[in-house]
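Student: For chain A, the structure is supplied; the task is to place chain B on it using the hints.
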Amino acid sequence: MTEEPLVKMRDVWLEGRSDETWNPIINGVDLTLAKGEVLGLIGESGAGKSTLGLAAMGYTRDGVRISKGSVEFDGIDLLTASAAVKRQLLGKRIAYVAQSAAASFNPAHKLIEQHVEGPVQHHVMSRAESEADGIELYRKLRLPNPDEIGFRYPHQVSGGQLQRCMTAMAMSCRPDLIIFDEPTTALDVTTQIEVLASIRDIVEQFNTAAIYITHDLAVVAQMADRIKVLLKGDEVETADTRTMLSAPTQEYTKSLWAVRSFERPLKPAVQTGSVPVVSVQNVDASYGTVPVLHDVSFDLHEGRTVAVVGESGSGKSTTARCITGLLPPKAGQIMLDGEALPADYRKRSKDQLRQVQMIYQMADTALNPRMSIGQIIARPVEFYLGLKGKEKRKRVDGLLEQIELEPSQYYHRLPSELSGGQKQRIGIARALAAEPKFIICDEVTSALDQLVAEGILRLLARLQDELSLTYMFITHDLATVRAIADEVVVMKDGRVVEQGPKKEMFKPPHHAYTDLLLSSVPEMDPDWLTNLLKERGVDNIGDAAVDKM
Amino acid sequence: MIWFVAALVGMAALAWAFRFAGQVATGNAPKFRDMPYGVAYGYVLGVAVLAWLVWAYMQGRSDDQAIANKFFFLRIAIEGFIIFAIAAWIFRLLGRSVGTAGTKKLFRAMPLTASFGILTILVYAVFAIFAGVIAPYGQEQIIPGVAANIIPGGDPALGGNPDFPLGTDQIGRDILSRLIYGAQNTVGIAFATTVLAFLLGGTLGFLAATLGGWLDQLLSRAVDVLMAIPSLIFALLLMTIASVWAPELGIPLTVFMVIIIAVIDSTRVYRLARAVGQNIVVMDYIEAAKLRGEGLGYLVFKEILPNATAPLLAEFGLRFCFVFLTIAALSFLGVGIQPPLADWGTMVRDLGGFVNFAQFAPMAATAPLLAAGAIALLTVAVNFVVDWMLQKSSGLKE
Numbered sequence: 067m068t069e070e071p072l073v074k075m076r077d078v079w080l081e082g083r084s085d086e087t088w089n090p091i092i093n094g095v096d097l098t099l100a101k102g103e104v105l106g107l108i109g110e111s112g113a114g115k116s117t118l119g120l121a122a123m124g125y126t127r128d129g130v131r132i133s134k135g136s137v138e139f140d141g142i143d144l145l146t147a148s149a150a151v152k153r154q155l156l157g158k159r160i161a162y163v164a165q166s167a168a169a170s171f172n173p174a175h176k177l178i179e180q181h182v183e184g185p186v187q188h189h190v191m192s193r194a195e196s197e198a199d200g201i202e203l204y205r206k207l208r209l210p211n212p213d214e215i216g217f218r219y220p221h222q223v224s225g226g227q228l229q230r231c232m233t234a235m236a237m238s239c240r241p242d243l244i245i246f247d248e249p250t251t252a253l254d255v256t257t258q259i260e261v262l263a264s265i266r267d268i269v270e271q272f273n274t275a276a277i278y279i280t281h282d283l284a285v286v287a288q289m290a291d292r293i294k295v296l297l298k299g300d301e302v303e304t305a306d307t308r309t310m311l312s313a314p315t316q317e318y319t320k321s322l323w324a325v326r327s328f329e330r331p332l333k334p335a336v337q338t339g340s341v342p343v344v345s346v347q348n349v350d351a352s353y354g355t356v357p358v359l360h361d362v363s364f365d366l367h368e369g370r371t372v373a374v375v376g377e378s379g380s381g382k383s384t385t386a387r388c389i390t391g392l393l394p395p396k397a398g399q400i401m402l403d404g405e406a407l408p409a410d411y412r413k414r415s416k417d418q419l420r421q422v423q424m425i426y427q428m429a430d431t432a433l434n435p436r437m438s439i440g441q442i443i444a445r446p447v448e449f450y451l452g453l454k455g456k457e458k459r460k461r462v463d464g465l466l467e468q469i470e471l472e473p474s475q476y477y478h479r480l481p482s483e484l485s486g487g488q489k490q491r492i493g494i495a496r497a498l499a500a501e502p503k504f505i506i507c508d509e510v511t512s513a514l515d516q517l518v519a520e521g522i523l524r525l526l527a528r529l530q531d532e533l534s535l536t537y538m539f540i541t542h543d544l545a546t547v548r549a550i551a552d553e554v555v556v557m558k559d560g561r562v563v564e565q566g567p568k569k570e571m572f573k574p575p576h577h578a579y580t581d582l583l584l585s586s587v588p589e590m591d592p593d594w595l596t597n598l599l600k601e602r603g604v605d606n607i608g609d610a611a612v613d614k615m
Numbered sequence: 037m038i039w040f041v042a043a044l045v046g047m048a049a050l051a052w053a054f055r056f057a058g059q060v061a062t063g064n065a066p067k068f069r070d071m072p073y074g075v076a077y078g079y080v081l082g083v084a085v086l087a088w089l090v091w092a093y094m095q096g097r098s099d100d101q102a103i104a105n106k107f108f109f110l111r112i113a114i115e116g117f118i119i120f121a122i123a124a125w126i127f128r129l130l131g132r133s134v135g136t137a138g139t140k141k142l143f144r145a146m147p148l149t150a151s152f153g154i155l156t157i158l159v160y161a162v163f164a165i166f167a168g169v170i171a172p173y174g175q176e177q178i179i180p181g182v183a184a185n186i187i188p189g190g191d192p193a194l195g196g197n198p199d200f201p202l203g204t205d206q207i208g209r210d211i212l213s214r215l216i217y218g219a220q221n222t223v224g225i226a227f228a229t230t231v232l233a234f235l236l237g238g239t240l241g242f243l244a245a246t247l248g249g250w251l252d253q254l255l256s257r258a259v260d261v262l263m264a265i266p267s268l269i270f271a272l273l274l275m276t277i278a279s280v281w282a283p284e285l286g287i288p289l290t291v292f293m294v295i296i297i298a299v300i301d302s303t304r305v306y307r308l309a310r311a312v313g314q315n316i317v318v319m320d321y322i323e324a325a326k327l328r329g330e331g332l333g334y335l336v337f338k339e340i341l342p343n344a345t346a347p348l349l350a351e352f353g354l355r356f357c358f359v360f361l362t363i364a365a366l367s368f369l370g371v372g373i374q375p376p377l378a379d380w381g382t383m384v385r386d387l388g389g390f391v392n393f394a395q396f397a398p399m400a401a402t403a404p405l406l407a408a409g410a411i412a413l414l415t416v417a418v419n420f421v422v423d424w425m426l427q428k429s430s431g432l433k434e
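If you're matching them up, the sequences are chains A and B in order.
In terms of this note's numbering, the first sequence opens at residue 67 and continues consecutively.
In terms of this note's numbering, the second sequence opens at residue 37 and continues consecutively.
So that you can see chain A by itself, here it is in the shape it has in the complex (with noise of 0.2 angstroms):
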C-alpha cells in the first residue's frame, strides 16, 4: 500500500488508576489502518479492546491516560493536538458507536434532532439538510417507516433499530473512521443479523474505516478485512481475516477457535414410562392482565438437559418464574416427581424448595456483595441440612472444591474480588449446597468470555454426570444448546414451537421459526453473512422474516 494509513498508533501504552497506582492496561501495542478498511479487534473482556478503540481517538476514560506512545490520524498527532482541534475532528471526522444505543441516546430528545446535532455543530450541513439526510440514511439501513421513525423517542423503537439509528447517527458527518464498541453484543441473533447487515453496507458504501470491536469471533469474521487479537493488553497477532480464521499461528488463537468444539455425547433415549422430575402441565400466565405464556408443556427427566430457546420476550424466563413459584400460573400446574408443586413459592415446603434450584444470568446481582465466598455457600447448607461449625465449613470445602476454586483461597473472599466466571462458579456453588435434583440455569454463560463459558459449560455437565442432576437450561446462544442439551423446547411469543431431542432437532425440515433462529447463528465462514442475505433475500432479512410468520 503506498498511501498513508488513516490511522497510525505507535508503541501505545495505556494505564488505568485503581487503587491510588497506576495499573498497565495495554502494553505496547501498534495498530495501523488504512482508508475503508475494518480492522476487527477481539479479546476477552478486560483484554483493553475498548481502550485501545477510544485511544484510536484520542481519548480515554477517566482514570486511564496513555503513557507512552503516539496516536496519528490522517497526519495529525492526536495526543499533542489541541482541544480545539479534536473538536473539529470528533464527530465530524472520527465517530463511536457504543455498545448500548438504549443508554447512550438521550431519553429526552428525539432520534432526529439528536441526529443532526452534530452536523449542524460542525458546519457540514443545514439543519434542513441533516434532517433530509438522515431519513435517508435510515433509509439506507433498511429501518422500518425511515420518513417517521426519526420522529420518534429512543424509548419508541427497538433495541435493534435504536442501534442502527446510532449507526446512523455515526454516518451523519460522513467520517472517515468510526469506532463499534461491540454493537451487537446485547442484541437477539435474529436482531443482529440486521444490525450487521446495516453496518456492513454502509461502511462499505461509504468507504469509511472501522475498527470493530467485539468478543464474538464469527460476527468479526462477517465484518473485518484483517483481524486483531489482544490477550490481557498485549497483541497476540494480526491478520488478514481468512488466513486468521484458516491458519491462526499462536496458541491463544486456537484456543479462542477451538472453544465452539465443546459437545457432549448424546444420552440413549427416555424410557416409556418413567416418572419425570419435573413437568411442565399447560401452563397459562401473566403479568397483570398481559397474558405471556400459553399452554406451554414439557417434561424433563433425571440427569438430562432441556434446553429452552427462544428471543428475549419469547417466556422462556417467565416458565423460569412459574416452575420456581415466583409467578403463580394462571392454569396448568408443575409437577415435582409425579406430585404437584404449590402454585406460590411462600406455600411450598422447605423440602420442595430445596429441590428446585436456581443459577441466574448476571452473577453480579446474584451475590449479596457484602456478604463473602464462605458465608454465602453455607447458608443454603445451614439452612436446608442444619449443619453447624465444623460439619458445615467441611461441607463448603467440598462445594468449593467441586466447583474447581481452591476452598482456603476463597472462602473469605468478596464476590466483588472474583472474575465474572469465578462468580458464576459461587452461583453454581450456591444451588448445589442445596442439594437439589433440579436446576435452573438462566442464561448461565450469556455474560461470560467464550473461554470462560467453556469452563462453566464442562462443569455443569460434569456435574450433571456425577450427581445425575436435571437442568433447564435458558438459552439464545444455540452453539450452547449444541454443547450441552439433550433436549430441546423451542419458543416465540409463550408457545412452545417445536421440541424434540436435540438429534432432531437440529435436523431438517424444521419449523419455520426454528429454522430462522437456526440460520441466524453467526458462523465461522467469513462468507456467511452474504450468502446468508442471498438466500434470505436481502430485503428478506431478520423483522421481515420474523413478520412473514
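It is possible that part of the hints are untrue.
[Said to hold, decoys possible] Distance windows between CB atoms, simulated:
1) Gln-347/A with Lys-428/B: 51 to 59 angstroms
2) Ala-53/B with Asn-273/A: 44 to 52 angstroms
3) Asp-100/B with Arg-83/A: 52 to 60 angstroms
4) Ala-53/B with Ser-136/A: 33 to 41 angstroms
5) Thr-239/B with Asn-211/A: 50 to 58 angstroms
6) His-478/A with Val-134/B: 24 to 32 angstroms
Because the hints were derived from the structure by calculation, they are not lab data.
Here a beta-carbon is modelled for each residue, glycine too, at the ideal position from N, C-alpha and C.
Tutor: Here is chain B on its own, set in the frame of chain A:
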C-alpha cells in the same frame, strides 16, 4: 459602584493578559493553550478575592480601634479558619502514624475537610460526655457576687473578667460552663432523637420495600400526609399540646420533644430506606433468598441492611444536623429544652440583643454568637464527614 465595574473590567483584561503570558512563558503548554477564557477569569478573580481578604485582615489588626472593630469578625473568621486547618492537619498526621493498619490506611486517603470534621465531632463528644468534669461552674449556678453580662474576652479594660473568659449571661451564669453543658443537652438529645427516627423510619421503610402491597401503600400515604405539613410549624403545634399534657402526666417535656421530632423526621428516613430498599429488593440475590424460603427478618437484616448502610449512614449525618437545628430552633422559640437547662438555642435567644453592639463593641456582640458558632461548627463538621463517607461509598461501587 463605578469602581466595582472598573475592577471587573480591569480583571477581564488581566485574565486575557494572564492567559497570554502563560502561553508565552510555557511555550504553549496544553494547560494554557486549551484554557477557556472563563477559567482564566476565574483564576484572576480568585487572586483578587484572596488579595482583598489579606487587606481586610490587616485592617482588622490595625491599631486604630474604629477600623479594627469594623473588620473584627472577619479577622476572627480568618484566624479561626487557619487554626482549624492546622489542627485538622496535625490530627490527620497523628492518625496516619498512630493506630492499627486499618485506621492508618483510612487517614492516608482522607481529605483535610473530613479530618477537621472528625476532630470537631470528637471534641464535641468529649465535652458532652465529661461536661460535669470540664465545666468550671454548674449550668444553672448563679455565682454570688459576680456581675451579670460580663463581656467575653477576659480583658478588664473592655469590661471583661479573667475568671470568666467567655463572660456571664443576663443573670450572671458562666457562659463557658453553659456552652459545655449545652453540648451535653443539645447534642445528646439530638443524637437520641436521630437514633429513634432511624429505628422507626428505617424499619418501616425496609418493611414497606420488602413486603410491598397494601402495607406499603398504607405507610407511604401516612408518611405523605405527615410530610405535607410544614415540619417546624407542625412540631410547634404538637409541642404546645404536649406542654399542657406534660405536667398532667408527670413526664418531662423533653421526652415529648424527642418523640415528636423523631416521628416527624422518621418520615424522611422512611422515604430513603424504602427507595434504597426497593433497589436492593429487585436484585437476584434477594430472589434467591426468597426462593430458599428465608424469613422476613433474615431478608431485612442480613440481605438488605448491609447493602443499605452507606446511604443510610450519610443520611444519618444529615438528619442529625436537621434534628439538631430543629431542637435549637424550638428552644429559641421557647418550647424546646426548658430553662434552667443550658441549651444553645435558648442562649442565642437570651443574649441576642448584644448583636446590636457589633459595630463599636465587637467583644460584647460575641456573647450570643458563641452558642450560634457552636451550632454552626458542628453542622459544618458533620456535613464534611458525611460528604467524605458518601464519596467513599460511591467510589466503592465503581
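Student: Work down the list of hints and note, for each, if the structure agrees.
Tutor: Quick rundown of the hints versus the structure:
1. Gln-347/A with Lys-428/B: 51 to 59 angstroms: 53 angstroms, holds
2. Ala-53/B with Asn-273/A: 44 to 52 angstroms: The hinted range 44 to 52 angstroms holds for Ala-53/B and Asn-273/A, with Cβ atoms some 48 angstroms apart.
3. Asp-100/B with Arg-83/A: 52 to 60 angstroms: 54 angstroms, holds
4. Ala-53/B with Ser-136/A: 33 to 41 angstroms: Holds, since Ala-53/B and Ser-136/A (Cβ atoms, about 34 angstroms apart) stay within the stated range.
5. Thr-239/B with Asn-211/A: 50 to 58 angstroms: 52 angstroms, holds
6. His-478/A with Val-134/B: 24 to 32 angstroms: 28 angstroms, holds
Hint compliance for this structure: no hint is broken.
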